[in-house]
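Visitor: So you can see what is in the structure, the chains are spelled out below.
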Amino acid sequence: MEPLDRILLVDDDAVTNMMHTRVIKSSGRARTIEVATDGQEALEIIERDLAAGVALPELIFLDINMPRMGGFEFLERYGALDIATNGQLIIVMLSTSLLLADHARADADPNVHSFCEKPMRIERLMELIDEYQRLRRDRDAA
Amino acid sequence: MTLPDPLHIAGPARAEADAQPPHALRAPTIEQVIGLMPGFVYVFDHETGENVYTNRSVGVHLGYSSEEIRAMGSAMMMHVIHPDDAPLIETHLAQIADLADGRQCTVDYRVLTKTNKVIWLRSVDAVFDRAANGRVLRHIGCASDMTVKKEAVLRLAELNADLEAQVAQRTQAFADLNTELEMRIRERTVELENALSELEDITYTATHDLKVPVNNLCRLGHMLEQSTDTMTQEQAEEVAWISTCAQQLNDKIAALVRISQIRLADEPKFLPSDLSVVARKTLHTLRPALVQSGAKVEVDIPNDSWVSYCPVEIDSVLEAVVDNAVRYADPARPARIVLKFSEEPDGPTLSVADNGTGLSLPADLPKVFGLFQRAHKAPHGDGMALHCAQRRIKRAGGQITVSSTKGQGAEFKIVFRKEEAPDGAA
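If you're matching them up, the sequences are chains A and B in order. Our numbering runs 14 ahead of the 1-based position in the first sequence. Our numbering runs 1 ahead of the 1-based position in the second sequence.
It is worth saying that the hints were derived from the structure and are not from the lab. Every clue listed holds true.
No farther apart than 27 angstroms at their CA atoms in a straight line, the calculated lysine-lysine pairs in the DSS-like style are these: (1) B/K414 to B/K378; (2) B/K212 to A/K132; (3) B/K150 to B/K115; (4) A/K39 to A/K132; (5) B/K419 to B/K395; (6) B/K414 to B/K395; (7) B/K407 to B/K341; (8) B/K253 to A/K132; (9) A/K132 to B/K378.
Residues of chain A clear of chain B, computed beta-carbon distances all greater than 10 angstroms: (10) L18; (11) G42; (12) A69; (13) G93; (14) S109; (15) A118; (16) R119; (17) P124; (18) N125; (19) K132; (20) R135; (21) I143; (22) D144; (23) R148; (24) R150.
Since we're looking at a predicted model, the values are computed, not measured. Note that the Cβ used here is the ideal one computed from N, Cα and C, for glycine as well.
All chains, full assembly: derive it from the sequences and hints.
Guide: Quick look at the structure:
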């Protein structure tokens with residue numbers, strides 16, 4: 015199976031980022047892993063890629079509670095960019111939050127694909143990448 | 002019937018009238034005057050129990066024909082008086098029998114028309130003449146139709162009664178609501194007391210029960226780190242992560258305990274504090290950080306700037322706000338912090354202004370005071386200090402606000418609750 019080109023991890027917790035980096039590396043399903051430690055930094059990466067005409071990361075794992083710009087604020091700003099990704103980019107919310115309000119808010123956002131409990135297990139990562147690639151194949155075939 | 006003799010104008014008035022030339026104005030006769038008066042003028046004979054004179058017929062006014070009036074004869078008045086008011090009239094007649102000359106007595110009563118419609122009359126009566134032994138023979142009176150006025154009064158009384166009933170009903174409703182509210186407050190107080198008790202239990206658990214395994218975990222992490230030379234690189238990394246996570250957990254528990262202590266502590270004890278002294282103490286405590294940052298601090302707080310607050314908490318609040326100014330200094334320019342005291346309408350106010358990195362308000366506001374929230378990525382912080390400061394100030398009846406422009410610095414204002422200055426304080 016062809017690996018993804020790039021996964022973007024957006025989280026302020028250093029240990030979580032290191033663990034997720036190792037999980038992704040051990041899966042062999044992504045060529046590059048990039049880390050942003052808050053929403054603002056992630057937004058800057060996306061804006062930089064758009065300006066340079068570089069393909070956006072296929073998968074973004076987004077934490078909710080971060081300093082400076084949290085996950086939901088990032089989603090607002092990202093939505094305002096109005097990027098026509100055609101499903102080439104999906105955002106997965108990372109959370110340990112038990113708050114139903116957080117889940118409801120994420121579900122209501124059209125740019126959020128799903129939730130993933132953190133720290134992420136390799137099986138869940140594989141499922142998400144399989145799903146992403148299946149959606150992409152279906153869309154390319156259409 | 003003509004009026005009885007005493008009613009005729011006599012004496013000088015009559016003599017004057019007779020002396021007038023034919024073309025001169027003549028005094029009107031008493032019949033003329035009485036004929037023009039509204040209402041009924043009558044003379045009632047106490048022997049026969051009937052009117053011996055009326056200026057106009059009450060019977061006609063009540064809708065009866067002359068034949069019907071004649072047929073009723075002397076019993077007419079008793080026939081037309083409302084049965085419920087007959088005792089009133091009897092009492093009234095008895096009062097007239099005892100009435101002194103020149104005095105009047107009045108009675109309001111109802112009569113019925115031929116069609117049984119109720120008419121209210123008011124009679125004002127006086128003794129007309131007496132027998133040689135002083136017994137009243139006849140009385141003279143004037144009856145007026147008071148129906149419109151009386152009905153208005155009655156209607157007003159009804160409305161008043163209705164209004165009073167409504168007021169009573171509302172008062173009762175309020176009383177019921179008040180009782181219900183008091184009951185709910187009592188229930189809610191019990192619930193809150195239970196919740197507080199649970200929170201105290203949780204705090205105790207966090208302080209004691211949870212701290213033990215967390216401390217052990219930290220210790221084990223350190224022990225494993227001592228023997229990483231026998232591990233692979235990956236294993237050594239994982240051990241380091243475990244230590245980091247254990248330390249994070251330890252810090253969070255400590256933070257939560259601090260928060261709950263603010264919530265659970267007894268009411269703050271308010272004592273007079275001189276802010277100029279508190280500020281000097283704060284700057285002394287933060288001296289290492291101030292020296293390291295090279296910040297220039299200006300203090301514009303006169304001696305005897307008294308506020309009323311819990312002394313320990315005021316130190317903590319001021320330290321948090323000044324430390325925040327030091328931490329978020331802008332490396333692009335020399336840091337400058339200004340502490341200023343002023344008496345504002347809301348209460349004594351301490352302003353802490355800096356020329357640091359500033360905030361994007363209002364977007365950053367929840368991050369400034371929110372628990373575990375941070376508006377900046379660097380330097381690292383636990384998102385506790387300003388949250389605790391705000392919580393302490395609010396709990397003591399004050400407020401803490403912030404104004405800022407991104408990139409130009411921020412100003413925090415601590416408004417203390419208003420209090421009279423202590424005796425002898427300036």
